[in-house]
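Q: Below are the chains, spelled out letter by letter.
Number of protein chains: 2
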Amino acid sequence: MPRELPIDDLPDLARGAALLGAGGGGDPYIGLLLVRAELERGATITLLDPDEVDDDALVVASAFMGAPTVVIEKIPGGDEPVQALRSLERHLGRAADAIIPMECGGLNSMIPLLVAARTGLPMVDGDGMGRAFPELQMETFGVYGVSGSPIAICNERGHTALLDTGPDNHSMEWYARAVTVRMGGVAYIAEYPMTGAQVKRTAIPGTSSLALALGRVIRLAHDEHRDPFEALAGCLATTIYRFGHSLLEGKVVDVERRSADGFVRGSARIATFDGGRTVELTFQNEHLMAREGGRLLAVAPDLITVLDAETAFPITTEALRYGQRVRIFVIGTPEIMRTPEALAVFGPRAFGLDADWTPVEELVRIR
Amino acid sequence: MPRELPIDDLPDLARGAALLGAGGGGDPYIGLLLVRAELERGATITLLDPDEVDDDALVVASAFMGAPTVVIEKIPGGDEPVQALRSLERHLGRAADAIIPMECGGLNSMIPLLVAARTGLPMVDGDGMGRAFPELQMETFGVYGVSGSPIAICNERGHTALLDTGPDNHSMEWYARAVTVRMGGVAYIAEYPMTGAQVKRTAIPGTSSLALALGRVIRLAHDEHRDPFEALAGCLATTIYRFGHSLLEGKVVDVERRSADGFVRGSARIATFDGGRTVELTFQNEHLMAREGGRLLAVAPDLITVLDAETAFPITTEALRYGQRVRIFVIGTPEIMRTPEALAVFGPRAFGLDADWTPVEELVRIR
Numbered sequence: 001m002p003r004e005l006p007i008d009d010l011p012d013l014a015r016g017a018a019l020l021g022a023g024g025g026g027d028p029y030i031g032l033l034l035v036r037a038e039l040e041r042g043a044t045i046t047l048l049d050p051d052e053v054d055d056d057a058l059v060v061a062s063a064f065m066g067a068p069t070v071v072i073e074k075i076p077g078g079d080e081p082v083q084a085l086r087s088l089e090r091h092l093g094r095a096a097d098a099i100i101p102m103e104c105g106g107l108n109s110m111i112p113l114l115v116a117a118r119t120g121l122p123m124v125d126g127d128g129m130g131r132a133f134p135e136l137q138m139e140t141f142g143v144y145g146v147s148g149s150p151i152a153i154c155n156e157r158g159h160t161a162l163l164d165t166g167p168d169n170h171s172m173e174w175y176a177r178a179v180t181v182r183m184g185g186v187a188y189i190a191e192y193p194m195t196g197a198q199v200k201r202t203a204i205p206g207t208s209s210l211a212l213a214l215g216r217v218i219r220l221a222h223d224e225h226r227d228p229f230e231a232l233a234g235c236l237a238t239t240i241y242r243f244g245h246s247l248l249e250g251k252v253v254d255v256e257r258r259s260a261d262g263f264v265r266g267s268a269r270i271a272t273f274d275g276g277r278t279v280e281l282t283f284q285n286e287h288l289m290a291r292e293g294g295r296l297l298a299v300a301p302d303l304i305t306v307l308d309a310e311t312a313f314p315i316t317t318e319a320l321r322y323g324q325r326v327r328i329f330v331i332g333t334p335e336i337m338r339t340p341e342a343l344a345v346f347g348p349r350a351f352g353l354d355a356d357w358t359p360v361e362e363l364v365r366i367r
Numbered sequence: 001m002p003r004e005l006p007i008d009d010l011p012d013l014a015r016g017a018a019l020l021g022a023g024g025g026g027d028p029y030i031g032l033l034l035v036r037a038e039l040e041r042g043a044t045i046t047l048l049d050p051d052e053v054d055d056d057a058l059v060v061a062s063a064f065m066g067a068p069t070v071v072i073e074k075i076p077g078g079d080e081p082v083q084a085l086r087s088l089e090r091h092l093g094r095a096a097d098a099i100i101p102m103e104c105g106g107l108n109s110m111i112p113l114l115v116a117a118r119t120g121l122p123m124v125d126g127d128g129m130g131r132a133f134p135e136l137q138m139e140t141f142g143v144y145g146v147s148g149s150p151i152a153i154c155n156e157r158g159h160t161a162l163l164d165t166g167p168d169n170h171s172m173e174w175y176a177r178a179v180t181v182r183m184g185g186v187a188y189i190a191e192y193p194m195t196g197a198q199v200k201r202t203a204i205p206g207t208s209s210l211a212l213a214l215g216r217v218i219r220l221a222h223d224e225h226r227d228p229f230e231a232l233a234g235c236l237a238t239t240i241y242r243f244g245h246s247l248l249e250g251k252v253v254d255v256e257r258r259s260a261d262g263f264v265r266g267s268a269r270i271a272t273f274d275g276g277r278t279v280e281l282t283f284q285n286e287h288l289m290a291r292e293g294g295r296l297l298a299v300a301p302d303l304i305t306v307l308d309a310e311t312a313f314p315i316t317t318e319a320l321r322y323g324q325r326v327r328i329f330v331i332g333t334p335e336i337m338r339t340p341e342a343l344a345v346f347g348p349r350a351f352g353l354d355a356d357w358t359p360v361e362e363l364v365r366i367r
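Chains as they are written, first to last, in UniProt numbering: chain D, 1 to 367; chain X, 1 to 367.
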């Protein structure tokens, strides 16, 4: 049933989205403030499950693109992602019937809510990444045949770019990244225009609800003095993600980070307090791979998250610091993200990693 | 009167356009071959003077954008600039009534002729640069208030970008350059959609005819064993450019050239055969400044050209080589290119040169 998102759910949703960001995607906090301001002004947000969308409805994915660190310096006025949607609608000659998140992890959990609140359009509870990923072609929509373009890209100065690369979503990302960099490092996009039928076939369902549930679990465990990691694992077991597991608890002993081509790349080492075990994390915005010695422990698209050891609050790759006491918590991805087609687009080799994907639940069991 | 461009005029037009390229703009030869092939297939090209365009006609500027050296490696199929026009027409919801060259110098003298031949649209005899310039905001259209965007950018793969930066033509150039680089270094554009009334007010009139006349003068002087430089100066005296002058004859004694940010920048030194005088040329794609010792001899927007000492055939900045025997020939620009508004956009300081513009005819007289 279409349902309204209560304002009081926003903090839990934001925390859960930060967790699904897998270290990247940007802090949802600024987005939370913008959405809350809309709801306080009396706006409402209606959520639809994918199977509640009409087959012939026009659904558009909404997001910001670029460096999350820049968003903090150039806080959006709030209208930029709406302008992107309107530009795309004009180009298509048709109004959207609903919007859908491109990415349920990080700040992009909030941008579509902002658009929903400002336009009155319902938002589909689902997304195209099931987590955060760094590039626009890394979406299940595209994996299963939807063209990402035409895409509309807008900035705070009212400048607009419309790109059409036919079915070539890699080229869309390639051009859009260049425009975003020249727009000042962050822009707002409307992309993957698709039918309701395509949403049902290609979206990862229920990911906003999942973020909300995970955020709530962390908060309640904290309030009730229970182990948040056990609670997270218990919650995940009931979802299409099925699997959550504490890989290691310890201290951050090394972080190496560099910015290149609009991405943050680097690695971090986390050692147990007795120094007996050390896990190395490799990241490109998001954590992509966890290894111990040469042995693979988890790899994208499965989620590798770094959480505060006490509170289970998520820590982004930018916020990793020497000496932090953390727990590495891994999460399995839904089946729709694990097909050969999906792994070709966002499996380890799509990130240039020399590893084959193995389900994280198997890697953990081997151990 | 609207008139047909005879196929036999193409070589003269191309040579004159190379001269007006002022060392840049790319060799028109490939464009000439493409246009000739269209005319040989039976297409015709109608030329209109600016005052023959209806005031409310929609006129669109047509060009390639990017590195001329790449065009030689990625020879256009011929349809790319037409696709750019069609994309812009779809975006505007209106068909163009005529096209106009963005740039009368270099290869861009030929691209709009190709579009005219392929579409049957008339081409306005005039342009927005009166020569070749390296950037899209450097057009009299924009100087006198026409917005360059929306602009359509297409490549040979059918990828399209539509940019809208309102009246901000610098930002249009900034984003379009990034897209062009990622499209492989060359792309085809349709820009500065404007009314016939705007064409009359902002275009430099008669520049295709001028190129044709200059090319013919060079050819006839060659055939008739007359001094081509005197003939060029005589021809220019009858036009709105008014002034052409041989600055120096000598040998290329030094060339320094580097590629950066999608442009070719550098300098060349040309010394008289007795070594008594040396002129230094500074270029960014086009020659921008000529100095002797510290003294200014000519500076953009006036045209500085390097011609073969014997034939007066134009030599591009890429083709400059040690030991070439050349003549530096300077040309004054029309009044419409010399107003304070125009000099703010393509005067010396717009190129980062530490010089104030002085009319070339005065600089030569001072000497």
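Read the hints as simulated data drawn from the structure, not as lab findings. Keep in mind it's a predicted model, so treat the numbers as computed, not measured. Keep in mind that the hints are not guaranteed to be accurate.
[As the list claims (entries may be wrong)] Here are the simulated distance ranges between beta carbons:
{"no.": "1", "chain 1": "D", "residue 1": "Asp-56", "chain 2": "X", "residue 2": "Arg-201", "range": "33 to 41 Å"}
{"no.": "2", "chain 1": "D", "residue 1": "Tyr-322", "chain 2": "X", "residue 2": "Ala-355", "range": "51 to 59 Å"}
{"no.": "3", "chain 1": "D", "residue 1": "Ile-72", "chain 2": "X", "residue 2": "Glu-73", "range": "36 to 44 Å"}
In this text, a Cβ means the ideal position worked out from N, Cα and C, and glycines have one as well.
Q: Verify the CB-CB distance for D:Asp-56 and X:Arg-201 against the hinted window 33 to 41 Å.
A: violated, 48 Å
Q: Is it true that the C-beta distance of D:Tyr-322 to X:Ala-355 lies inside 51 to 59 Å, as the hint says?
A: holds, 53 Å
Q: Does the Cβ pair D:Ile-72, X:Glu-73 satisfy 36 to 44 Å?
A: Holds - the Cβ-Cβ distance for D:Ile-72 and X:Glu-73, about 43 Å, lies within 36 to 44 Å.
Checked against the numbered hints listed earlier, the structure breaks hint 1 alone; every other hint is satisfied.
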